[in-house]
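A.B. asks: Chain residues, written in single-letter form:
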Amino acid sequence: MKTEFVKLIDVTLCTACRGCQVACKQWNEMPGLRTKQQGSYQNPPDLQWNTWTLIRFQEYAPKDGEFKWLFRKDGCMHCTDAACVKVCPSGALYHTEYGTVGINQAKCIGCKYCISACPFDVPRYNPETDKVYKCDLCYTRLQGDQQPACVKSCPTGALTIGLKDVMIKKAYARVKELGGDANVYGDKFVDGTHVIYVLGEKPEVYEHLPKSPSVPVTTMLWKDILKPLSLLSAGGVIAGSFLHYIIHGPKLPDEEQGQEPKGGE
Amino acid sequence: MRKGLIQATDSFERIVHWCLAVSCLILCFSGLGIMFHSLNFLGEPFGGLKSLKYIHNFTALFFILSLFFSVRMWWKEAGIFVFPEDLDWIKSAGGYLWHVDKVPEVGKYNPGQKMFFLVVALGGAAMVLSGLIMLFPLSIPAALVRLMYLIHAAGFVAIFAFFFIHLYLGTVGSPGSLPAMTTGWVTRAWLKKQHPKWLKEMEEHGTLVVYGEEKSSSHGH
Numbered sequence: 001m002k003t004e005f006v007k008l009i010d011v012t013l014c015t016a017c018r019g020c021q022v023a024c025k026q027w028n029e030m031p032g033l034r035t036k037q038q039g040s041y042q043n044p045p046d047l048q049w050n051t052w053t054l055i056r057f058q059e060y061a062p063k064d065g066e067f068k069w070l071f072r073k074d075g076c077m078h079c080t081d082a083a084c085v086k087v088c089p090s091g092a093l094y095h096t097e098y099g100t101v102g103i104n105q106a107k108c109i110g111c112k113y114c115i116s117a118c119p120f121d122v123p124r125y126n127p128e129t130d131k132v133y134k135c136d137l138c139y140t141r142l143q144g145d146q147q148p149a150c151v152k153s154c155p156t157g158a159l160t161i162g163l164k165d166v167m168i169k170k171a172y173a174r175v176k177e178l179g180g181d182a183n184v185y186g187d188k189f190v191d192g193t194h195v196i197y198v199l200g201e202k203p204e205v206y207e208h209l210p211k212s213p214s215v216p217v218t219t220m221l222w223k224d225i226l227k228p229l230s231l232l233s234a235g236g237v238i239a240g241s242f243l244h245y246i247i248h249g250p251k252l253p254d255e256e257q258g259q260e261p262k263g264g265e
Numbered sequence: 001m002r003k004g005l006i007q008a009t010d011s012f013e014r015i016v017h018w019c020l021a022v023s024c025l026i027l028c029f030s031g032l033g034i035m036f037h038s039l040n041f042l043g044e045p046f047g048g049l050k051s052l053k054y055i056h057n058f059t060a061l062f063f064i065l066s067l068f069f070s071v072r073m074w075w076k077e078a079g080i081f082v083f084p085e086d087l088d089w090i091k092s093a094g095g096y097l098w099h100v101d102k103v104p105e106v107g108k109y110n111p112g113q114k115m116f117f118l119v120v121a122l123g124g125a126a127m128v129l130s131g132l133i134m135l136f137p138l139s140i141p142a143a144l145v146r147l148m149y150l151i152h153a154a155g156f157v158a159i160f161a162f163f164f165i166h167l168y169l170g171t172v173g174s175p176g177s178l179p180a181m182t183t184g185w186v187t188r189a190w191l192k193k194q195h196p197k198w199l200k201e202m203e204e205h206g207t208l209v210v211y212g213e214e215k216s217s218s219h220g221h
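Order-wise, the sequence lines are chains L and A. If you read the first sequence in the UniProt record's numbering, its first letter stands for residue 1, the second for the next number, and so on. If you read the second sequence in the UniProt record's numbering, its first letter stands for residue 1, the second for the next number, and so on.
Be a bit skeptical, because a hint or two may be false.
Claimed, not checked - To spell it out: a stretch of chain L is covered by chain A in this simulated footprint if at least three of its residues, at any positions, have a beta carbon under 8 Å from a beta carbon of chain A; those stretches are:
#1 43 to 54
#2 86 to 95
#3 236 to 248
Unchecked claim - If you only want the chain A side, here are some residues facing chain L, beta carbon under 10 Å, derived:
#4 H37
#5 P84
#6 V119
#7 L122
#8 L132
#9 R146
Simulated from the structure, these hints should not be mistaken for lab results. Ideal placement from N, C-alpha and C gives every residue a C-beta, glycine not left out.
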């Protein structure tokens with residue numbers, strides 16, 4: 001990694017203006033789809049193939065405290081040890097030079113392995129194109145020394161992007177300033193995510209936010225153990241068969257006084 | 001055909017066996033192309049990896065059908081162990097691993113073949129089940145889908161390795177076996193060496209079909 005970038009989302013500064021949500025759609029030329037009023041400000045209700053980032057509106061009423069809104073910008077966390085990249089069979093999902101996880105739709109074969117593997121439940125499938133979509137942290141903008149569209153649009157400074165070390169330091173300084181239950185979320189999971197949160201409450205308070213995300217054990221067993229084992233065991237069998245042939249020899253039919261010629265193939 | 005050859009398999013048996021073998025191989029190699037980035041090129045002749053995925057999925061239908069007929073056809077002969085004779089054979093490893101003066105006599109299928117059949121039948125069923133679920137991952141809880149990927153991969157580990165054992169023992173490891181899969185006619189000497197009990201049974205029941213000789217009594221498969 002030459003320059004690892006981290007996007008810092010300080011949810012305590014978010015006013016839920018949804019500028020990021022709109023900017024993301026515009027820059028990535030994703031259509032808006034008709035949605036239904038569900039009695040919540042949050043719209044659409046969840047991430048979609050055409051919605052790569054979303055402000056989650058959560059009404060939070062702690063037992064011994066006052067009601068408050070929790071706003072959280074949801075989207076791809078850009079893991080260092082990304083389960084989606086691990087399982088992607090075609091190389092459509094890949095790590096960029098910024099440490100982020102890019103996606104090349106031309107290579108996507110619509111197998112949906114990444115959807116099941118992602119500990120954050122981020123990638124979304126579009127049946128019409130038979131492809132998977134997710135945030136690529138505006139890879140093309142990063143390449144042009146531009147900030148991602150969401151960061152550019154944020155009016156309150158809740159979204160900032162910068163070099164990894166700098167941003168992590170900044171996050172911890174902010175948490176110290178906030179005190180209480182405030183915490184940094186992301187730098188310790190899946191070898192560090194390239195999107196990290198400053199959360200005002202404990203992680204378990206936030207809806208749809210896993211408390212301690214990790215690459216699923218079954219995914220690791222599959223890709224790190226069984227996959228190499230499949231070639232190893234087949235190779236072992238071929239080697240073993242050869243050894244069997246030269247050491248023990250084939251099982252030949254017994255000759256019967258010239259009545260039958262030696263059994264050949 | 002040479003006079004004196006004995007029919008070991010009928011045409012239906014051979015067709016099912018070939019269907020199962022060909023579909024299994026196509027599944028293995030298209031699966032390899034999907035599983036390993038370095039083997040993604042296996043999709044190139046067909047227009048890319050996505051086509052390889054479709055080939056994999058549609059071949060599975062063919063495999064399911066072949067597996068169904070295989071299990072129905074071979075279950076009674078190869079799916080059930082007979083004790084103690086099968087245990088004796090296992091104790092001597094059928095004379096395959098070390099020299100045994102007298103290998104316990106077995107019928108149409110020896111315990112090794114029975115074990116292979118069971119691995120194919122049960123492993124194949126596991127592959128079909130996990131594969132079908134993998135086609136619709138969005139309607140099933142993610143944790144369960146991940147488990148299916150694991151089962152599918154584990155099945156491949158077993159089946160791919162077993163394929164080479166099967167290939168070796170069906171050809172150079174046991175000369176004279178291959179015709180059972182190709183023409184269906186084997187030599188008496190081979191039958192006597194590999195399945196002496198079966199030979200005796202067929203002789204006793206009059207079901208032995210010898211090329212160039214009139215069949216003593218007709219008895220279908």
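A.B. asks: The structure should be examined with respect to each hint, and the outcome stated for every one.
C.D. replies: Do the hints match the structure? See the list:
no. : hint       : result
1   : 43 to 54   : violated (count 0)
2   : 86 to 95   : holds (count 4)
3   : 236 to 248 : holds (count 7)
4   : H37        : 6 Å, holds
5   : P84        : 23 Å, violated
6   : V119       : 13 Å, violated
7   : L122       : 18 Å, violated
8   : L132       : 14 Å, violated
9   : R146       : 4 Å, holds
Comparing the model with each numbered hint stated earlier shows that hints 1, 5, 6, 7 and 8 do not hold.
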